[in-house]
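Peer 1: Each chain, written out:
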Amino acid sequence: MTTAPLDKPMPLVKPRLSHTALFWSGFALVLALLIVAPLVLPEFWGGFLTEILIWGLLAMSSDLLIGYTGMVSFGHSAFFGLGMYGAAAALLVVNPPNLWLAIVFGLAGAAGAALFVAYFSTRLRDIYFAITTLIFSQIFYVIIFTWTAVTGGENGLIFNRPRFSIPFIYSADFTPVTMHWFVLAVVTASYLILRRVTQSPFGMVLQSIRENEFRTRAIGYPVQRYKIVSVMLSGLFAGLAGVLYAVQKEFAAPDFVYFLTSGETVIYNVMGGVGTLVGPIVGAGFFQLMRQFLSEYFGDQFPYLIPLGIIFIVMIIFLPQGLLGFARRWLNK
Amino acid sequence: MDAVGQFFHAIPIDLIIIQTVNGIVTGMILALVASGLTLIFGIMDVVNFAHGELFMFGAYMGVLVFAATGNFWLSLVAAALIIAVFGAVLQIVTLRPLIGRDPLNTILATFGISLVLQNYALWQFGPVARRIPEPLNLYFNMFYLQYPWYRILIAVLSAAIIGGFWLFLKYSKFGVWIRATTQDRVMAQAMGIPVPLVYTGVFALGAAMAAASGVLFAPLTGVSHTMGLDWVLKAFVVVVLGGMGNLGGSVVAAIFISLLESYASVVVDPSEAVIVSFVVLILTLLFRPTGLFATPK
Numbered sequence: 001m002t003t004a005p006l007d008k009p010m011p012l013v014k015p016r017l018s019h020t021a022l023f024w025s026g027f028a029l030v031l032a033l034l035i036v037a038p039l040v041l042p043e044f045w046g047g048f049l050t051e052i053l054i055w056g057l058l059a060m061s062s063d064l065l066i067g068y069t070g071m072v073s074f075g076h077s078a079f080f081g082l083g084m085y086g087a088a089a090a091l092l093v094v095n096p097p098n099l100w101l102a103i104v105f106g107l108a109g110a111a112g113a114a115l116f117v118a119y120f121s122t123r124l125r126d127i128y129f130a131i132t133t134l135i136f137s138q139i140f141y142v143i144i145f146t147w148t149a150v151t152g153g154e155n156g157l158i159f160n161r162p163r164f165s166i167p168f169i170y171s172a173d174f175t176p177v178t179m180h181w182f183v184l185a186v187v188t189a190s191y192l193i194l195r196r197v198t199q200s201p202f203g204m205v206l207q208s209i210r211e212n213e214f215r216t217r218a219i220g221y222p223v224q225r226y227k228i229v230s231v232m233l234s235g236l237f238a239g240l241a242g243v244l245y246a247v248q249k250e251f252a253a254p255d256f257v258y259f260l261t262s263g264e265t266v267i268y269n270v271m272g273g274v275g276t277l278v279g280p281i282v283g284a285g286f287f288q289l290m291r292q293f294l295s296e297y298f299g300d301q302f303p304y305l306i307p308l309g310i311i312f313i314v315m316i317i318f319l320p321q322g323l324l325g326f327a328r329r330w331l332n333k
Numbered sequence: 001m002d003a004v005g006q007f008f009h010a011i012p013i014d015l016i017i018i019q020t021v022n023g024i025v026t027g028m029i030l031a032l033v034a035s036g037l038t039l040i041f042g043i044m045d046v047v048n049f050a051h052g053e054l055f056m057f058g059a060y061m062g063v064l065v066f067a068a069t070g071n072f073w074l075s076l077v078a079a080a081l082i083i084a085v086f087g088a089v090l091q092i093v094t095l096r097p098l099i100g101r102d103p104l105n106t107i108l109a110t111f112g113i114s115l116v117l118q119n120y121a122l123w124q125f126g127p128v129a130r131r132i133p134e135p136l137n138l139y140f141n142m143f144y145l146q147y148p149w150y151r152i153l154i155a156v157l158s159a160a161i162i163g164g165f166w167l168f169l170k171y172s173k174f175g176v177w178i179r180a181t182t183q184d185r186v187m188a189q190a191m192g193i194p195v196p197l198v199y200t201g202v203f204a205l206g207a208a209m210a211a212a213s214g215v216l217f218a219p220l221t222g223v224s225h226t227m228g229l230d231w232v233l234k235a236f237v238v239v240v241l242g243g244m245g246n247l248g249g250s251v252v253a254a255i256f257i258s259l260l261e262s263y264a265s266v267v268v269d270p271s272e273a274v275i276v277s278f279v280v281l282i283l284t285l286l287f288r289p290t291g292l293f294a295t296p297k
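From first to last, the protein sequence lines stand for chains W and P.
With the first letter of the first sequence counted as 1, position 272 gets the number 272 in my numbering; the numbers rise by one all the way through.
With the first letter of the second sequence counted as 1, position 139 gets the number 139 in my numbering; the numbers rise by one all the way through.
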């Protein structure tokens, strides 16, 4: 977003709250609500909120590509899944299981997958990029699904949740509440990092690639290198979401590497509003709440994706900016 | 000399010939699916994610009509017609409002459609695969196999449909409209061609071709709600290999990919053989990003 000198507020007679103060107080308010939530909510809904935050992180990572670089990835399930299986490897092989090692392993797995995908698919643009990322994620799915000896195949892997530890200082078992706080801390930190990235000169180049790739190249930016870095960055955060999910649920399953996860990630983005970073979290919350509501109201067997898919199509046609689209400029300032 | 003889003796010629025939048969079905996809893309710039679901719905329509009438050929025609109408309605309701927007919007919309259709099929028809018996119970001997004539017939029929479609594009009035719209949308409109109607017609045609291939394929493995994604992925690979919007290229690429996969499934599990076509895609993207059979402009 360009901030031309003209956009600066004119000196007013009455002093108004600056955008910065308003934004950060809103941020603090939402954060405070999310910190208190698991203490107030019943346990089921607390865990549900934690899960929404994790899906939100996955969607937020994909928003870096969709909303800022202008590339729709249909392959985020691969990064999420590799993060999950990486964490599983660390938790199963190293004894006693260590949380930080799980994160390192998960991020390494996701980074490897992201480097592979980024190198090939950034040669292509638009729909070609979308299709190739989808096909790459299916390659990872087929490998994980058929390599039963290592990945457990269709059954996946089951492991124990590691303890929360700060080396030499503190160590405790996770309770649902501390798990929520841990996830919240990771998601908040990721948000702040991603927000900083999108506002940095690097992020500005990404946005100029979105607006006009040829011109960006003509100015002299190595567009493909920028794209590779943005896919890798996005893949890392998606992998982080995978690690969190594995730690919270204590299992890794091939279902999450399947294309449907990528599709749902894109849905969260579109529903919440691309290019806002927080929008995808709102989208994930909206989607999961609707899903929960539908299966509670109509029973477990109800094909919740039919009404949600129709809402999704209607939103693309009539509300392409998503739920938070109206606040897009304000959130990115 | 002896070693060379042994080497050639070790190659299972019979197996390779059987797999070649199998590959050509699936390749022709795939070509039929992919030509609808590439047609829709070439003209409307729409990557139709729901194409696999149209294939699957076509197969289910075939199952339903077959259950009612008992006539395979009738169900083939009926399914194609029903899905053509359905495709036209889909295009009018969901894709027409998106004309002129970023093409990524259409990929998202068709993705939404595919989710809805797939879950509807699961809800309506259940998770158990349905079957249509083969309409032709004749076999011929191929080595140790009783090879069904029906499979040969599939290949011939698919080729006939694609050939007929090609003639239609070349000589009929609507075909000329379609080609004119592909070349230059604005000019075509200026010359009085009803471009929105062409769009709807093309989508309906592509849907009908997907449905026909679905019914043709149904007797081979049965019909289930998940069959769409496999086919649409393969069709994507074919369309990228053949060059988007290139009909001849996609037919050749479809046969090429299917042959590769059926040879690979001699060595590895068929579910892993898919990776071979993905690897071909990656190599193509590396060395010939415009497609293997694209004509340089």
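Hints are computed from structural coordinates only; laboratory data are not their basis.
It cannot be assumed that every hint is accurate.
Said to hold, decoys possible - Computed spacing ranges between beta-carbons, pair by pair:
hint, chain 1, residue 1, chain 2, residue 2, range
1, W, 148, P, 13, 49 to 55 Å
2, W, 318, P, 192, 30 to 36 Å
3, P, 267, W, 48, 43 to 49 Å
4, P, 67, W, 314, 29 to 35 Å
5, W, 43, P, 89, 54 to 60 Å
6, P, 289, W, 204, 26 to 32 Å
7, W, 28, P, 190, 54 to 60 Å
8, P, 128, W, 204, 50 to 56 Å
9, W, 176, P, 267, 45 to 51 Å
10, W, 177, P, 97, 43 to 49 Å
To be verified - Looking from chain P toward chain W, a few residues come up when the C-beta cut is under 8 Å (computed):
hint, residue
11, 21
12, 120
13, 123
14, 229
15, 237
16, 240
All C-beta atoms, glycine included, are put in the ideal place defined by N, C-alpha and C.
Peer 1: Next, verify each hint and record whether it holds.
Peer 2: Verification of the hints:
For the pair residue 148/W and residue 13/P, the beta carbons lie near 33 Å from each other, so the given range of 49 to 55 Å is not met. Taking 30 to 36 Å as the suggested C-beta distance range, the pair residue 318/W and residue 192/P conforms, at roughly 32 Å. For the pair residue 267/P and residue 48/W, the supplied restraint of 43 to 49 Å holds, since their beta-carbon distance comes to about 47 Å. Checked against the hint of 29 to 35 Å, the C-beta distance between residue 67/P and residue 314/W comes to roughly 34 Å, which is consistent with it.
For the hinted restraint 54 to 60 Å between residue 43/W and residue 89/P, the CB-CB distance of approximately 46 Å leaves it violated. Between residue 289/P and residue 204/W the beta carbon distance is about 28 Å. The supplied range of 26 to 32 Å therefore holds. About 58 Å separates the C-beta atoms of residue 28/W and residue 190/P, a value consistent with the hinted range of 54 to 60 Å. A C-beta distance of roughly 54 Å is found between residue 128/P and residue 204/W, which places it inside the suggested range of 50 to 56 Å.
Between residue 176/W and residue 267/P the beta carbons are some 49 Å apart, a value that agrees with the proposed interval 45 to 51 Å. Distance hint for residue 177/W and residue 97/P: a CB-CB separation of about 46 Å, consistent with the stated range 43 to 49 Å. Given hint, residue 21/P at the interface with chain W, is violated; its Cβ is 26 Å from that chain's nearest Cβ, farther than 8 Å. Taken as an interface hint, residue 120/P checks out: its beta carbon lies about 6 Å from the nearest beta carbon of chain W, inside 8 Å.
Because the closest C-beta pair between residue 123/P and chain W is about 4 Å apart, less than 8 Å, the hint holds. Interface restraint check: residue 229/P against chain W, minimum CB-CB distance 7 Å, threshold 8 Å, status holds. With its C-beta approaching chain W no nearer than about 7 Å, residue 237/P sits inside the 8 Å limit, and its interface hint holds. Residue-level restraint check for residue 240/P holds (minimum Cβ-Cβ distance to chain W is 7 Å; threshold 8 Å).
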